[in-house]
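Each chain, written out:
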Amino acid sequence: MNVGLEHYLLVSAALFSLGLLGVIMRRNLLVIYMSLELMLNAANLALVAFSRFNNNLDGQVMVFFIITVAAAEVSVGLALIVALYRKRASAHVEDLTTMKL
Amino acid sequence: MQDILFYIFAALTLFFGFLVVVNPFSRNPVTSAMFLVLTIASLAGLFVLLNAFFLAAVQILVYAGAVMVLFLFVIMLMDIKEEERRRFKKFGVAMGLTAVAGLFGIVAKTIAESGVGAGLKPAFEGDTKTLGTALFSSGQFLLPFEIVSILLLVAMVGVILLSKKDLK
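Which chain is which? The protein sequence lines are G and X, in order.
Numbered per my numbering, the first sequence spans residues 1 to 101.
Numbered per my numbering, the second sequence spans residues 1 to 168.
Careful: at least some of the hints might be erroneous.
Partial list, derived from the structure: chain G residues whose beta carbon lies under 7 Å from chain X [said to hold, decoys possible]:
#, residue
1, A43
2, A46
3, V63
4, I66
5, V93
A few chain X positions that, by computed beta-carbon distances, are all more than 10 Å from chain G [unchecked claim]:
#, residue
6, P24
7, F25
8, Q59
9, A155
Result set (DSS-like, lysine-lysine): computed pairs, CA atoms no more than 27 Å apart in a straight line [what the hints assert, rightly or not]:
#, chain 1, residue 1, chain 2, residue 2
10, G, K87, X, K109
11, G, K100, X, K109
12, X, K109, X, K121
13, X, K121, G, K87
14, X, K89, X, K165
These are computed hints drawn from the structure, not numbers from a lab.
Quantities reported herein were computed from a predicted structural model and do not represent experimental measurements.
Ideal Cβ placement from N, Cα and C applies to all residues, glycine included.
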């Protein structure tokens with residue numbers, strides 16, 4: 001059976017679901033952040049697959065920009081986590097519920 | 001040959017991705033980070049199969065290189081023994097699994113039934129030269145490219161400000 005667009009999209013969807021599962025299940029801020037990266041990469045895979053099968057370059061250019069923006073996003077997010085850790089000495093979402101009643 | 005490689009890389013990607021999220025042997029964030037590197041490397045393999053050679057190289061350089069080093073530095077600042085002492089909440093795990101399985105079911109059924117890839121042949125030769133021409137020569141993506149460079153500068157300044165000890 002030939003590998004088509006559907007196969008790539010299924011892998012992408014499965015990877016996205018894994019990332020979402022990590023965001024819901026894990027309680028450590030850093031692991032949640034890594035799961036977010038996983039979801040971002042799943043979207044990238046879908047875009048590159050669309051680009052290849054629809055004979056159009058725009059998907060690849062989009063992924064190029066997404067990777068750049070993701071690098072910026074990771075650096076800012078990690079700086080925020082470090083700043084939070086300095087204040088609270090914890091990176092667990094259960095310890096960071098100041099706004100909860 | 002390409003089909004076999006696709007199945008190998010897809011299986012590796014999903015396997016390593018699973019180990020990032022729920023590793024049955026270790027809850028250590030460092031282990032998760034290491035498996036994330038492997039996931040990204042196998043994703044780069046899939047990119048190569050899709051003829052996106054430049055993106056595969058960038059994926060390895062930026063993600064597996066720069067981003068993961070950043071992650072490891074931050075992990076080393078924190079107390080990782082704390083993570084291993086905590087237990088999962090049974091209710092949360094069950095709810096998360098249900099929600100994610102439902103979402104994946106809907107998406108997979110949609111992909112299977114919509115016939116989105118019907119009749120489409122893998123035709124596009126997205127080599128580096130084409131990508132470079134589109135980014136710089138055609139003028140179509142020149143402005144977004146410059147904006148992204150400014151975004152990187154803003155992010156850099158922001159990170160330096162955020163990580164200063166006394167935020168005044």
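Against the structure, the hints come out as follows:
1. Annotation: A43/G was flagged as interfacial toward chain X, and the flag is violated, the nearest CB pair being 11 Å apart, outside 7 Å.
2. With its C-beta approaching chain X no nearer than about 10 Å, A46/G sits outside the 7 Å limit, and its interface hint is violated.
3. With 7 Å as the threshold, the beta carbon of V63/G comes within range of chain X, its nearest partner Cβ sitting at about 6 Å, so the hint holds.
4. Taking 7 Å as the C-beta cut-off, the interface hint given for I66/G is violated, the closest approach to chain X being about 10 Å.
5. Restraint check, V93/G versus chain X: the minimum CB separation of about 11 Å is more than 7 Å; hint violated.
6. For P24/X, the non-interface assignment is confirmed: its Cβ lies about 13 Å from the closest Cβ of chain G, beyond the 10 Å cut-off.
7. Under the 10 Å C-beta cut-off, the non-interface status given to F25/X relative to chain G holds; the minimum distance is some 15 Å.
8. Distance check on Q59/X: its Cβ comes as close as 7 Å (rounded) to a Cβ of chain G, failing to clear the 10 Å threshold; non-interface status is violated.
9. Against chain G, the non-interface label of A155/X is violated: not every CB pair exceeds 10 Å, the least being about 4 Å.
10. Restraint check: the Cα-Cα separation between K87/G and K109/X comes to about 46 Å, which exceeds 27 Å; the hinted pair is violated.
11. This hinted pair does not check out: K100/G and K109/X have alpha carbons roughly 38 Å apart, beyond 27 Å.
12. Simply put, K109/X and K121/X have alpha-carbon atoms about 22 Å apart, close enough for the 27 Å limit, and the pair holds.
13. Between K121/X and K87/G, the direct Cα distance comes to roughly 54 Å. Violation of the 27 Å bound is thereby established for this hinted pair.
14. A distance of roughly 35 Å separates the Cα atoms of K89/X and K165/X; the hinted pair therefore is violated under the 27 Å criterion.
Checked against the numbered hints given earlier, this structure breaks hints 1, 2, 4, 5, 8, 9, 10, 11, 13 and 14; the rest are met.
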